[in-house]
Amino acid sequence: MPALPLDEAGKYVAGAYLVFLTLVLIYVAIMAAKVARIQRELGELADLAEGRPDDNPPGADAGAQENARGEAEGKVLERERSSREELV
Amino acid sequence: MKVPSLRDNAIAAALVLCAGFALVFFYAPLDADQGFIQKIFYLHVPLAICSLAGFVIGGIFAIAHLRTDKAIYDVRSYVAIHLSVIFGVGVLITGSIWAHASWGKWWVWDEPTLVSFLIVFLLYATYYPLRYAIEDRDRQARYASVFAITAGAFVPLNFVAVRMAQSLVHPRVFATANGGLPGSMMLTFLVCLAGMALLWIALVRFELAAKAASASLSRLRRALEGEEYAPQSGSRIAPRVPSSATSPS
Numbered sequence: 001m002p003a004l005p006l007d008e009a010g011k012y013v014a015g016a017y018l019v020f021l022t023l024v025l026i027y028v029a030i031m032a033a034k035v036a037r038i039q040r041e042l043g044e045l046a047d048l049a050e051g052r053p054d055d056n057p058p059g060a061d062a063g064a065q066e067n068a069r070g071e072a073e074g075k076v077l078e079r080e081r082s083s084r085e086e087l088v
Numbered sequence: 001m002k003v004p005s006l007r008d009n010a011i012a013a014a015l016v017l018c019a020g021f022a023l024v025f026f027y028a029p030l031d032a033d034q035g036f037i038q039k040i041f042y043l044h045v046p047l048a049i050c051s052l053a054g055f056v057i058g059g060i061f062a063i064a065h066l067r068t069d070k071a072i073y074d075v076r077s078y079v080a081i082h083l084s085v086i087f088g089v090g091v092l093i094t095g096s097i098w099a100h101a102s103w104g105k106w107w108v109w110d111e112p113t114l115v116s117f118l119i120v121f122l123l124y125a126t127y128y129p130l131r132y133a134i135e136d137r138d139r140q141a142r143y144a145s146v147f148a149i150t151a152g153a154f155v156p157l158n159f160v161a162v163r164m165a166q167s168l169v170h171p172r173v174f175a176t177a178n179g180g181l182p183g184s185m186m187l188t189f190l191v192c193l194a195g196m197a198l199l200w201i202a203l204v205r206f207e208l209a210a211k212a213a214s215a216s217l218s219r220l221r222r223a224l225e226g227e228e229y230a231p232q233s234g235s236r237i238a239p240r241v242p243s244s245a246t247s248p249s
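Taken in order, these protein sequences are the chains called R and H.
Under my numbering, the final residue of the first sequence carries the number 88; numbering is consecutive throughout.
Under my numbering, the final residue of the second sequence carries the number 249; numbering is consecutive throughout.
In isolation and in its complexed conformation, chain R is listed as follows (with noise of 0.2 Å):
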């Protein structure tokens, strides 16, 4: 079969090149999505934390409690990014 004149493939080629810049950018925009929810969920989670008593007891010291909570948070998210890595 002869080959196709420039202006009839390059509707064929560009297809074809738009499918699969669609393809990628469909699973990335899924995967942006999920992303998105587990960043709200985290923050929800945060508010929890923050809220609960027993992180809050009536005598202890502001500051303290601050201190606490960032080495906590740290300790949280040291172990998320050490698993993370492993995982990948």
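Be aware that a few hints might be false.
To be verified - Rough simulated footprint, nothing fancy, chain H against chain R, three-plus residues with beta-carbon under 8 Å:
#1 9-17
#2 21-35
#3 38-49
As the list claims (entries may be wrong) - A short list of chain H residues far from chain R (calculated; beta carbon distances all over 10 Å):
#4 R67
#5 V115
#6 P156
Claimed, not checked - List of simulated lysine-lysine pairs, DSSO-like, C-alpha gap at most 27 Å:
#7 H:K2 / H:K70
#8 R:K11 / H:K105
#9 R:K34 / H:K105
Hints were generated in silico from the structure; no laboratory data involved.
We treat Cβ as the ideally placed atom computed from N, Cα and C, and that holds for glycine.
With chain R's structure known, arrange chain H on it following the hints.
Here is chain H on its own, set in the frame of chain R:
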């Protein structure tokens, strides 16, 4: 050796793919036989190679899972197969576009290369119902690994069988009677292949990282809210991310 970060991986994939596509349209010569339509092969063939290689890699991870019983290999096997199925969709669509431009038909049933790839694709499409059909997560992981190994072994066998078959119409990129692609086309093709492989790796790592974050979140929520918490999101098909993956080591 230091493994590059996911961000570096993604940037490298984007740069190499863009360079490859630039070579396709501004450097690689027009094919004497097919003309401009041959440019589709610089996309279609790397997609197919990465997809098939991904299926084999999924099988290798499945072997590691059965040997070590570590759930992390099941997750890796699942993600590798998942990405390869997505790439397989791209292979089928871009192949059909080329077929319509070149042969005047979207699909040809008497061409072994097309039909064999479709068989492999449909075989892996059953991977999801297989996982979904088994409730027990450990059994699900074991059965999925056995499937991934068997299907992964089928991929190279299938490839060899198709090569041995007498193909009448499907062009060969490598090792034709005239010695294969000329240098400029081969360089372009290899850059595109490298970019596609980097993209596959980046997407696999992205999905693994998202799964790890999601699993950690579920554990955090369970720890904070107690045992009454039941995860509302996440399907049963997706493998369980191991607790060892989120514990400090």
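Okay, the hints, checked on the actual structure:
no.	hint	verdict
1	9-17	holds (count 7)
2	21-35	holds (count 6)
3	38-49	holds (count 6)
4	R67	19 Å, holds
5	V115	20 Å, holds
6	P156	25 Å, holds
7	H:K2 / H:K70	23 Å, holds
8	R:K11 / H:K105	16 Å, holds
9	R:K34 / H:K105	38 Å, violated
Hint compliance for this structure: hint 9 alone is broken.
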